[in-house]
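S.K.: Protein chains in written order, with this note's numbering: chain A, 188 to 652; chain B, 188 to 652.
Derived by calculation from the structure, the hints in this document are not laboratory data.
For each residue, glycine too, the CB sits at the ideal point set by N, CA and C.
Accuracy of the hints is not assured; some may be wrong.
Looking from chain B toward chain A, a few residues come up when the C-beta cut is under 8 Å (computed) [stated by the list, open to error]:
(1) 283
(2) 314
(3) 462
(4) 536
(5) 580
(6) 587
(7) 592
(8) 594
(9) 623
There are 2 protein chains.
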Amino acid sequence: MAESLYNNQDIREETLLIIKNAMVLSIDSQSNYWEQASIVIRGNTIESVGKIDVAEEKYPGARVIDGSGKLVMPGLVNTHTHVPMTIFRGYADDLPLHEWLYEYIFPIESEFVNAENVKLGTRLAIAEMLRSGTTTFNDMYYFVDEIARVVDATGMRAVLSEGLIDFAAPNSPTPEHGMRLSEQLINRWSNHPRVTISVSVHAPYTSSAKLIQDAKKLADRYGVPFNIHLAETRKEFDESLDRTGFTPVGYLESLGVLGANLIAAHSVHLTPEDIELYAQRGVSVAHNPECNMKLASGVAPVPALLAKGVKVGFGTDGVASNNNLDLFEEINTAAMLHKLNSNDPTVLDAKTVIEMATIGGARVLGLDKEIGSLEPGKRADLIILDMKQPHAHPVYNIYSLLVYSMKGSDVETVIIDGRVVMENRKFMYLDEEGLYAKAEEVAAKIKERGLELSVLNGKKNLHQS
Amino acid sequence: MAESLYNNQDIREETLLIIKNAMVLSIDSQSNYWEQASIVIRGNTIESVGKIDVAEEKYPGARVIDGSGKLVMPGLVNTHTHVPMTIFRGYADDLPLHEWLYEYIFPIESEFVNAENVKLGTRLAIAEMLRSGTTTFNDMYYFVDEIARVVDATGMRAVLSEGLIDFAAPNSPTPEHGMRLSEQLINRWSNHPRVTISVSVHAPYTSSAKLIQDAKKLADRYGVPFNIHLAETRKEFDESLDRTGFTPVGYLESLGVLGANLIAAHSVHLTPEDIELYAQRGVSVAHNPECNMKLASGVAPVPALLAKGVKVGFGTDGVASNNNLDLFEEINTAAMLHKLNSNDPTVLDAKTVIEMATIGGARVLGLDKEIGSLEPGKRADLIILDMKQPHAHPVYNIYSLLVYSMKGSDVETVIIDGRVVMENRKFMYLDEEGLYAKAEEVAAKIKERGLELSVLNGKKNLHQS
């Protein structure tokens, strides 16, 4: 086993940070909400939270953040995304899925996905996630070592995986190579306080039965999450029935890979039997409502999944199909979408939605012992929202306000693992303007190549100027 | 005819304002978009726009706004809302429509809708709309003279109407009184540069045939818009068939009130014949996708309406059922919703959506000669967006970026009728913090009364602490 690169030296244990006089939403098992409360953070851990005495003499040397007019809550958890794709934001929109993927995304990915661009896209994505209140994300892509280094450097928390697939990946000529790479990464990053390496296969229709089973074994061996895109489109569902005689979920059951570490992204097209299988095997779902709407894939049966006790968290998917990483937007859309789809305005009530976006997402990632709520002993992953906004008034019910009225842009300060990584919307570990300039520079090249490809293939050029 | 209260003295004709070096999206008939351009505003009017020479010596005394790293576009048009209801934001959520309306909203409205609270709610709503890029709204409520005074004082543009109904309204004991009031208001505000008074009846199921016909005549007489809630729910559709033998739209046709000044809010449940009638009569639609989703009312057939050439704009409806007034959110949701609902990711492409939110909304309100695009001779209603945001990069297609990635919170500066009403997110004519304190003060009383009512009626109290 390779030696671990990183140790938990990010935050010294004696570091003391206090947030006082804030509205605090805990998402703990008692659903505590205080209109005025404080939080004491020692090192990377929450020491106490609630109506506690934080007099200066009790905490000498503490750094104090005044929370007046602000709301503190756990950071949001994005359970499914592909952060390096941020450089392709808006590259190809309003197209049928197949044309979008095969004629626009795949050709441009094959030319521009390299270590440098992966780091750039990851930085841009982390900037966007911090700005909109996400403190943990679960990613599937390529060049994961590079992604992990950016996560390490920016103070973010992430679960990262190489997307194993039956073809050559940009950084992996064969799936066997990808598998070895995944194992190396698991070991290399095993002691990092904020990085978890997991295992992913792309989808049942792009990966052999053997690859899926081997990947699952690898995930089991190391006790890490196992990700797959599953039952995303009607086409996938129908072709699975044709090809295997099973639904996509039934096919994975036949391979023996459904289990409590499986995170099934999308899970739009499920039969009642599929839902039952998820419940029995403890499978989790990463629900990406905006991507599913935008690509016209369908609506995941979230109320039915929740009714069976299946763990469901929210994901944004990659920005090439969303086109943003703002989970506040995603939860607002989800709360409305399922009311419409169920013809029942009581489903996915605001409290359920906020729990799904925090502790629920943490459960999906197997991190609920560490994050997802503000409780003593948990890692200090929290966001501070500015309530001095017209849409933040009046407050009748804090969950309703958060889901239906507030926005990612209300997030002012972000603390991850006890460390302030964004303060008053300023990034501590990211050069914002340099990042935007660099993104536009790379985009100019991609745009130029896109124009060439569109001429070459007789396709419409989707870009301007 | 009563004397008009106001004259166009807001902006002196010699006032000169120049925005230079900005990205400019015109929404003109040539779909002009410049990556670097300027706009000259004289008095309340756009004098020139595009790649023009704005050298200082040509415009002595002009105030110059540096548009570097910013995007200028027409302000958004909200074609349907009830701004005073902002004080009820989040009062009752996640409930069936009938319970929401009859057991929560109506009882509390009957006690708290008065001139003072209407002014408060309107101020809070205008603050929220300016912050998220709306420069014109179309409202139906009560105490319209009070609403108009707030619009006048805050620099906003609005089309306002008393909601005529067969019952006693808070400021009108009978519909006849309401009708006289509407006419008085039309005359009183007739010369105001930013206020248009229109005529509204609440809905076919709350207003007699005579009231609907009289209101339509009044609107025709003064050449102002005529608003109605129409075909919002399946219940309304079914009951209309039972009661009148017609669909809601067919019923209005039988009354002879369908016409080019009619703005039919919602229009969710339409038959192909209804859509044909809309097209023939030139009826406009105010489409409120988020409200319709949240209350599980259904999805308006917007692609079919557009295909027939029906004018469609976006509305937020009131915040009691949305719960915000952010049109950027609304258009993002709409673009995704219709792709899902049509099972076709090409419908409501980004350019169509942006046009609907600007010039399209202006057409719905009969104001497209004055607003909705950045063209010489038009009123200067425009918004300046900050592009120094992670989600604003990279830019491949400006329409896609605006619809799928950017947010209301990116709006930094707002100009209405040539006047800067919000600059760098600071309001020129609103006391922001006083507003929030007052909103919470009124909400505390509403909350207290809500608790009493819930005890009295054996209902669940939906609020906290």
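S.K.: State for each hint whether it applies.
M.R.: Hint check results:
A least Cβ separation of about 6 Å between residue 283(B) and chain A falls short of the 8 Å threshold, and the interface hint therefore holds. Interface restraint check: residue 314(B) against chain A, minimum CB-CB distance 4 Å, threshold 8 Å, status holds. Hint status for residue 462(B) relative to chain A: violated, with the closest Cβ pair at about 21 Å, above 8 Å. For residue 536(B), the interface hint holds, since its Cβ comes within 8 Å of a Cβ in chain A; the closest pair sits about 4 Å apart.
Annotation: interface hint on residue 580(B) holds; nearest CB of chain A at approximately 4 Å, less than 8 Å. Interface hint status for residue 587(B): upheld, as the beta-carbon distance to the closest one in chain A is roughly 4 Å, under 8 Å. A cut of 8 Å between beta carbons decides the hint on residue 592(B): the least distance to chain A is about 5 Å, and the hint holds. Given the 8 Å rule on beta carbons, the hint for residue 594(B) holds: about 6 Å separates it from the nearest Cβ of chain A.
Here the hint on residue 623(B) is kept, as its CB sits about 5 Å from the closest CB of chain A, short of 8 Å.
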